[in-house]
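Engineer: Fit chains X and Y to the supplied structure of chain F, relying on the hints for placement.
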Amino acid sequence: MEKFTLALPSSSPPLEVIRSTICGVVSSGNLEILVESNPKSDVCTLVVNTSAHGFREIWEAVLHDFALRHPAGGLGFTINDAGATPAVVSLRLDQAFEICCGEAK
Amino acid sequence: MNDQTIYDRLFGKGGHELIFNGLFLQGTARVGGQNVAVIGTRDHAAIDGSIALQITEAILNVVREDVASRTSPRSIILIADTQGQALSRHEELLGLNGYFAHIVKCVDLARRNGHKLLTIINGEAVSGGFLSYGMMADCICALPDAQVRVMDLRAMSRVTKISLERLETLAKESPVFAPGAENFWRMGGIHEIWKEQDDWPQRISNALAHITKADARAEIGLERGGRHFAAPISKLVAEA
Amino acid sequence: MSGLQISFLEASARKRLIGLVDANSFTEFCPPEMRKTSPHLALLDIPLALDDGVIVGAATLAGHSILIAAQEGRFYGGAVGEVHGAKICGLLGKALTDRPSAVLLLVDSGGVRLHEANAGLIAISELVRSVLDVQAAGIPVFALVGGSCGAFGGMGIVTRLCDEVVMSEQGRLGLSGPEVIETVKGVEEFDSRDRALVWRVTGGKLRRAVGEATQLVDDLIPAFRSIAIKLTEKYQSQPLASIDLDSLLEKQAELVKRRARFERARDGLEIWQEVFSEPSCVPDMTVADFNRQLGVQA
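Chain order of the listed sequences is F, X and Y. Just so you know, my numbering puts 97 at position 97 of the first sequence, and the rest follows in order with no gaps. Just so you know, my numbering puts 214 at position 214 of the second sequence, and the rest follows in order with no gaps. Just so you know, my numbering puts 263 at position 263 of the third sequence, and the rest follows in order with no gaps.
Calculated from the structure, these hints are not laboratory results. Certain hints may be false.
Below are the SDA-like pairs computed for lysine to any residue, each with C-alpha atoms no more than 20 Å apart in a straight line [unchecked claim]: (1) X:13 with X:32; (2) X:172 with Y:45; (3) X:213 with Y:136; (4) Y:251 with X:111; (5) X:235 with Y:35; (6) Y:15 with F:98; (7) Y:230 with Y:60; (8) X:161 with Y:42; (9) Y:15 with Y:25; (10) Y:185 with X:155; (11) Y:185 with X:44; (12) X:235 with X:223; (13) Y:15 with Y:219; (14) F:3 with F:61; (15) F:3 with Y:37; (16) Y:251 with X:113.
As the structure is a computational prediction, the values presented were derived from the model and not from experiment.
Just chain F, with the same shape it has in the complex (with noise of 0.2 Å):
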């Protein structure tokens, strides 16, 4: 496994995260990501587990994009990935956002 975490400035959420969310299921080619919330409002934490080794570039990438389309500022995240391609990693992190904030919008 490879192990990582990111902090990304992110702006704020519209509204506080009251509850976490549990997004996805670990299996051979997807993943599941955890969202809670964290204590610096302008900080997206993002901490990556996968069992894919030397595709941490491309992970920074697929995040970083992430965290500019969001305002997921205070929010953290936890990703179990077990093999997810970039495309799925990013339509379940903004599934994951959905649940967490969609109804705040």
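Structural biologist: What follows is chains X and Y alone, placed relative to chain F:
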């Protein structure tokens, strides 16, 4: 050791009357002057529906006889020697899992009716065959040569796609997946492993005398340092 | 949520559970945030799930309080490891103090998790004893089987201990999976790639016909929900009968009879022949038609 030698050592010469019917055995033996019922399998039986029904018939008979005669419930000694469940389309079609569930219910009825239940592993105790009756006893004991496992490491390596070498290395530190009665003992899945030089009739008496009805295996596994998580996590949820 | 026509088979364990119980009624115990992952999978350096592949908690079902567990078949085949098993055991332990109307097990599991095989086998034997304790306390336990992994190995035994076994046609129930039998005994014994045969030997319609499943429902979450409500209410008005000598002697006779009656049967068709006028039509029958012809009320 052949059957006769084993049973002579367990119950003393002349201390048992056992009937062997194929891979199934049943009868009576004496422990500390008291009659006990003996029910089990031999020759590494693959447990199919027929053997399952022989086991349950014998258990139900013991329960029924003791209810009818109003005598105090006899202890039941379960002899486990099984290579696992029978692998067959016919058995699956008829619902072998349902036959095993029936064994489990019969063993549990005996427990609730006051029969003490002691398993002695003689030979092999493997996965589903072991689960269906041997593991249901109040106290589970292994004879010195007992082989206890779910799957050998070679097969496990194929299924999990983890190299055999790696599994062998990890097995030296962790009791959690590798075959061996000692590993099951550390995890609380086996209460006692008897030694060759032990006085086996004495060990049977002692084990029966100290039987408790509640399932304490998770706590035992924690005490013995082989299973650190089962007891606390079960407690965490139970008290949530 | 519960009104949506979602396939039970295709849904994740979490979706099934949430869709089954009353809206917003679920409280999870030992939730993902607690990160009680498997230390044994971690040692092998392979992916972990924050819930270790099973969700346990309390909810209401049409207002009745229940405890519920759902196994995630897509995480290592829903197989039972130390943490996974302990969560379900703990839930059953909680049933003894909380006394819910029922305990629901959404089983989707191949049995023991081989990566932690010894812990898994012991855990399942503890689960078996816990289910029996809950039943002895007069609380019914239901198994709901409709996931991709079915209910096999030790979980196939646990399922058959339950007071009710609800299956969809797509659900499968057995002891040894077809792949295991084929690997050990050869393709002539069981061709695991013959999907139709696999379903005729292990699937919901076969199990319902033999009496191993007590209910057959459509592969829809609302169908599972509505039968779960009916069953919960049934046991509210008609308390659970305890397992006694007479009931087990009766069961013994039934199982002996089944073996004699289907002495050589190796295909579900041979069993349907005894029950249905047109056995070859059974695989294509709707669940409603199947239940009607079997003479049972859903």
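Engineer: So, for every hint listed, does it hold in this structure?
Structural biologist: Now for the hints, and whether the structure bears them out:
1. X:13 with X:32: 14 Å, holds
2. X:172 with Y:45: 17 Å, holds
3. X:213 with Y:136: 14 Å, holds
4. Y:251 with X:111: OK: residue 251 of chain Y and residue 111 of chain X at ~18 Å, within 20 Å.
5. X:235 with Y:35: Cα-Cα ~16 Å, so holds.
6. Y:15 with F:98: Between residue 15 of chain Y and residue 98 of chain F the Cα gap is close to 16 Å, so the pair holds against 20 Å.
7. Y:230 with Y:60: 13 Å, holds
8. X:161 with Y:42: OK: residue 161 of chain X and residue 42 of chain Y at ~15 Å, within 20 Å.
9. Y:15 with Y:25: 14 Å, holds
10. Y:185 with X:155: Given pair residue 185 of chain Y, residue 155 of chain X holds - Cα atoms ~15 Å apart, limit 20 Å.
11. Y:185 with X:44: 17 Å, holds
12. X:235 with X:223: Satisfied, since the Cα-Cα distance of roughly 15 Å is no more than 20 Å.
13. Y:15 with Y:219: 14 Å, holds
14. F:3 with F:61: 16 Å, holds
15. F:3 with Y:37: Holds, because 16 Å separates the two Cα atoms, which is no more than 20 Å.
16. Y:251 with X:113: 18 Å, holds
Consistency with the previously given hints is maintained throughout, with no hint failing.
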